[in-house]
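*Asks:* So the chains spell out like this:
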Amino acid sequence: MIFSVIIAFVVGGLVCVIGQLLFDVAKLTPAHTLSLLVVVGSVLDGFGLYEPFIDFAGAGATIPITSFGNSLTHGAMQEAEKHGIIGVLTGMFEVTSSGISAAIIFGVIGAFLFKAKGKVS
Amino acid sequence: MKNARTIQFVSKPSIVSTAVAVGPLEKQSPFHPHFDLIYEDERFGQETNEKGHAQLIEETCRLALMKAGLQIPDIDLFLAGDLVNQMTPTNFAARQLTTPFMGMFSACATSVSSLITASFFLESNHMDRILFGAASQHNAVERQFRYPIEYGAQKPPTGQWTVTGAGFGILSHHISGKPFVHSATIGKVIDCECIDPLDMGSAMAPAAFDTIQQHLAQNKGTSYDFVMTGDLGKNGYTILQELIQSSGVSSYLIDNYRDAGAEFYGKDKKFLSGASGAGCSASVYFGPIYAELLAKQWKKVLLVATGALLSPLSFQQGESIPCIAHAVELWME
Amino acid sequence: MDANTYQQTVDQLAPKRPVLRNCFTAFLTGGIICAIGQLISFVYMYFFPFTERTASNPTVATMIFIAMILTGTGYYKKIGQFGGAGSAVPVTGFGNAVISAAIEHKSEGFILGVGANMFKLAGAVIVYGVFSAFIVTLIKTILVNIGGISW
Numbered sequence: 001m002i003f004s005v006i007i008a009f010v011v012g013g014l015v016c017v018i019g020q021l022l023f024d025v026a027k028l029t030p031a032h033t034l035s036l037l038v039v040v041g042s043v044l045d046g047f048g049l050y051e052p053f054i055d056f057a058g059a060g061a062t063i064p065i066t067s068f069g070n071s072l073t074h075g076a077m078q079e080a081e082k083h084g085i086i087g088v089l090t091g092m093f094e095v096t097s098s099g100i101s102a103a104i105i106f107g108v109i110g111a112f113l114f115k116a117k118g119k120v121s
Numbered sequence: 001m002k003n004a005r006t007i008q009f010v011s012k013p014s015i016v017s018t019a020v021a022v023g024p025l026e027k028q029s030p031f032h033p034h035f036d037l038i039y040e041d042e043r044f045g046q047e048t049n050e051k052g053h054a055q056l057i058e059e060t061c062r063l064a065l066m067k068a069g070l071q072i073p074d075i076d077l078f079l080a081g082d083l084v085n086q087m088t089p090t091n092f093a094a095r096q097l098t099t100p101f102m103g104m105f106s107a108c109a110t111s112v113s114s115l116i117t118a119s120f121f122l123e124s125n126h127m128d129r130i131l132f133g134a135a136s137q138h139n140a141v142e143r144q145f146r147y148p149i150e151y152g153a154q155k156p157p158t159g160q161w162t163v164t165g166a167g168f169g170i171l172s173h174h175i176s177g178k179p180f181v182h183s184a185t186i187g188k189v190i191d192c193e194c195i196d197p198l199d200m201g202s203a204m205a206p207a208a209f210d211t212i213q214q215h216l217a218q219n220k221g222t223s224y225d226f227v228m229t230g231d232l233g234k235n236g237y238t239i240l241q242e243l244i245q246s247s248g249v250s251s252y253l254i255d256n257y258r259d260a261g262a263e264f265y266g267k268d269k270k271f272l273s274g275a276s277g278a279g280c281s282a283s284v285y286f287g288p289i290y291a292e293l294l295a296k297q298w299k300k301v302l303l304v305a306t307g308a309l310l311s312p313l314s315f316q317q318g319e320s321i322p323c324i325a326h327a328v329e330l331w332m333e
Numbered sequence: 001m002d003a004n005t006y007q008q009t010v011d012q013l014a015p016k017r018p019v020l021r022n023c024f025t026a027f028l029t030g031g032i033i034c035a036i037g038q039l040i041s042f043v044y045m046y047f048f049p050f051t052e053r054t055a056s057n058p059t060v061a062t063m064i065f066i067a068m069i070l071t072g073t074g075y076y077k078k079i080g081q082f083g084g085a086g087s088a089v090p091v092t093g094f095g096n097a098v099i100s101a102a103i104e105h106k107s108e109g110f111i112l113g114v115g116a117n118m119f120k121l122a123g124a125v126i127v128y129g130v131f132s133a134f135i136v137t138l139i140k141t142i143l144v145n146i147g148g149i150s151w
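Chains A, B and C supply the protein sequences, listed in that same order. My numbering numbers the first residue of the first sequence as 1 and each following residue consecutively. My numbering numbers the first residue of the second sequence as 1 and each following residue consecutively. My numbering numbers the first residue of the third sequence as 1 and each following residue consecutively.
Take the hints with a grain of salt, since some may be wrong.
To be verified - Short derived list, chain B residues pointing at chain C, Cβ under 10 Å:
hint: 1; residue: N3
hint: 2; residue: A4
hint: 3; residue: R5
hint: 4; residue: N49
hint: 5; residue: R143
hint: 6; residue: K155
hint: 7; residue: E193
hint: 8; residue: A205
hint: 9; residue: L243
hint: 10; residue: E319
hint: 11; residue: S320
What the hints assert, rightly or not - Computed footprint of chain C on chain B; a stretch qualifies when at least three of its residues, placed anywhere within it, have a C-beta under 8 Å from a C-beta of chain C:
hint: 12; region: 156-163
hint: 13; region: 227-239
Think of the hints as simulated: they come from the structure by calculation, not from any bench. C-beta: ideal position from N, C-alpha, C; glycine also.
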């Protein structure tokens with residue numbers, strides 16, 4: 001179990017380093033960087049590489065935003081395999097919904113509960 | 001071509017009073033002894049940042065009036081601006097103040113552009129007392145130009161912190177014992193194709209350089225206690241020094257350049273390259289600098305407020321950042 | 001003033017981003033967040049009927065809940081300034097983007113403010129994630145139908 005946590009730490013850390021290089025060297029905005037990483041996750045799943053990556057790295061692969069791309073593509077491909085091309089539209093959000101739903105729900109709850117403070121970090 | 005950019009105000013309009021109010025974070029500024037009001041609440045008792053911004057402007061203006069022993073009907077014109085869309089905080093404050101009003105937009109250079117315009121009105125002798133100045137509120141400006149306050153974006157070392165502060169003054173006909181406006185130079189828009197909105201200092205330094213060069217050329221022989229730019233920040237200040245040094249313009253002044261933004265928060269590295277915002281130059285020029293002129297610590301200072309004339313949309317559309325700098329020369333006899 | 005020469009001056013004088021330090025702090029921050037995610041997954045696997053695969057759903061939701069608390073109390077932006085991509089790349093960064101926008105826009109009400117602006121920062125991620133999934137799946141479907149590869 002400790003080993004899985006260490007692997008998650010190292011792999012997750014490395015994915016974030018890639019993101020940091022996109023920020024500082026490529027000078028991309030956070031929105032550009034995250035969009036790029038999501039697409040990368042999607043393409044890797046197209047090649048069948050992301051699921052083995054999850055098997056190896058656990059949370060190191062499911063927590064970075066790349067896993068959104070993987071989930072969306074995985075859901076789409078599963079349905080397309082079963083029902084043909086229309087599966088692309090029906091399958092996409094089946095597998096990813098927890099992240100997006102949670103963000104929306106907690107966004108609304110957060111808006112009820114909190115007020116922004118302009119403190120320097 | 002007539003060189004009308006630089007003007008000497010022969011009537012020597014005097015700044016009879018000023019008032020500066022700031023938010024809680026600004027308490028740590030080395031300039032804080034000269035801030036009239038330091039609020040604990042960054043929203044100044046209002047529910048939204050924008051309403052708080054308007055409240056800040058209104059209260060600071062009323063304080064300037066009180067310090068001059070004047071009432072609202074004594075004011076002939078209110079000239080002011082801020083950084084928010086359509087300058088609504090200033091518009092709403094003007095509604096409360098009920099004076100005749102003209103909004104002024106020069107981004108962070110509004111503190112000086114409003115003073116220059118006020119000087120022209122007084123020089124024409126049509127008006128007697130004009131309320132001028134500028135303000136900014138950190139949260140309202142950040143939301144507009146950058147990200148939501150609680151968003152965890154990482155600012156680079158060239159980033160600056162928008163000041164929550166307001167600086168206003170009352171300009172009137174010359175009286176002795178008060179600092180007066182001797183001359184001014186109006187800026188031109190200068191664009192050196194800087195595209196990074198997280199590095200305003202680099203974008204604004206050429207505009208400051210252009211205005212300073214112009215003003216010094218028209219005022220040869222004047223020796224200033226210092227030249228103080230508005231909010232180039234530590235990075236922009238370094239670049240301006242380099243521009244001045246390599247151009248050979250009045251090199252004797254090199255040691256006497258200051259920047260309000262670079263000095264505003266002291267040495268605290270959390271504020272990265274320093275302060276910015278319309279309230280930065282306004283609170284420093286009309287707070288400590290005015291007080292020091294009044295106390296005869298300085299005799300002649302050149303204040304060059306700088307502004308970046310971009311919008312979040314222009315950045316998204318891939319435009320560069322055009323900038324401007326307005327200069328005003330204050331004397332004390 | 002010539003823009004090119006000026007840009008050279010800026011490149012020489014402006015403080016450079018500390019890339020190496022930023023990569024180190026990103027590694028540390030991102031690694032810790034993923035390690036916490038792994039531990040939370042284990043909690044769901046051992047105390048609830050989740051498998052290694054299905055545990056990622058409640059784990060992600062829990063991480064976003066934690067992001068909400070940290071965002072609302074003002075701590076996420078400190079983590080963000082320190083960790084950079086280490087806080088933006090994990091799914092907690094997505095949560096922070098959505099939740100910070102929601103909190104910010106409460107002043108315009110819940111419909112026009114919170115509802116309309118919630119995805120102002122994070123929307124691109126969803127849009128391009130979906131679009132990329134569409135293109136990838138389309139290409140794969142075509143290739144499978146031609147007979148080149150299998151699912």
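*Asks:* For the hint on B/E319, just tell me whether its beta-carbon gets within less than 10 Å of chain C.
*Replies:* With a closest approach of 14 Å, the B/E319 hint is violated.
*Asks:* Quick check on B/S320 please, does its C-beta sit within 10 Å of some C-beta on chain C?
*Replies:* holds (9 Å)
*Asks:* Is the interface hint satisfied for B/L243? The criterion is a beta-carbon contact with chain C at less than 10 Å.
*Replies:* holds (7 Å)
*Asks:* Does the region 156-163 of chain B contain three or more residues whose Cβ lies closer than 8 Å to a Cβ of chain C?
*Replies:* holds (count 3)
*Asks:* Checking hints one by one. Is B/A4 an interface residue toward chain C, by the C-beta closer than 10 Å rule?
*Replies:* Given a least distance of 22 Å, the restraint on B/A4 is violated.
*Asks:* Per the coverage rule (Cβ-Cβ under 8 Å, at least three residues), is the region 227-239 of chain B covered by chain C?
*Replies:* Held - the region 227-239 of chain B has 3 residues with a Cβ nearer than 8 Å to chain C, which meets the minimum of three.
*Asks:* Against chain C, is B/E193 within 10 Å by beta-carbon distance?
*Replies:* With a minimum Cβ separation of about 4 Å from chain C (threshold 10 Å), the hint on B/E193 holds.
*Asks:* Answer holds if the nearest beta-carbon of chain C is closer than 10 Å to that of B/R143; otherwise answer violated.
*Replies:* Constraint on B/R143 satisfied, holds at 6 Å.
*Asks:* Are B/N3 and chain C close enough, Cβ to Cβ, to be under 10 Å, as the hint says?
*Replies:* violated (19 Å)
*Asks:* Taking the least C-beta to C-beta distance, is B/K155 closer than 10 Å to chain C?
*Replies:* The hint holds - B/K155 has a Cβ within 10 Å of chain C, the shortest such distance being about 7 Å.
*Asks:* Restraint: B/N49 near chain C, CB-CB cut 10 Å. Satisfied or not?
*Replies:* At about 7 Å, which falls below the 10 Å cut-off, the nearest Cβ of chain C leaves the hint on B/N49 intact, so it holds.
*Asks:* Does B/A205 meet its interface restraint, that is, does its C-beta lie within less than 10 Å of any C-beta in chain C?
*Replies:* holds (8 Å)
In summary, the structure is inconsistent with hints 1, 2, 3 and 10 from the numbered list given earlier, while agreeing with the others.
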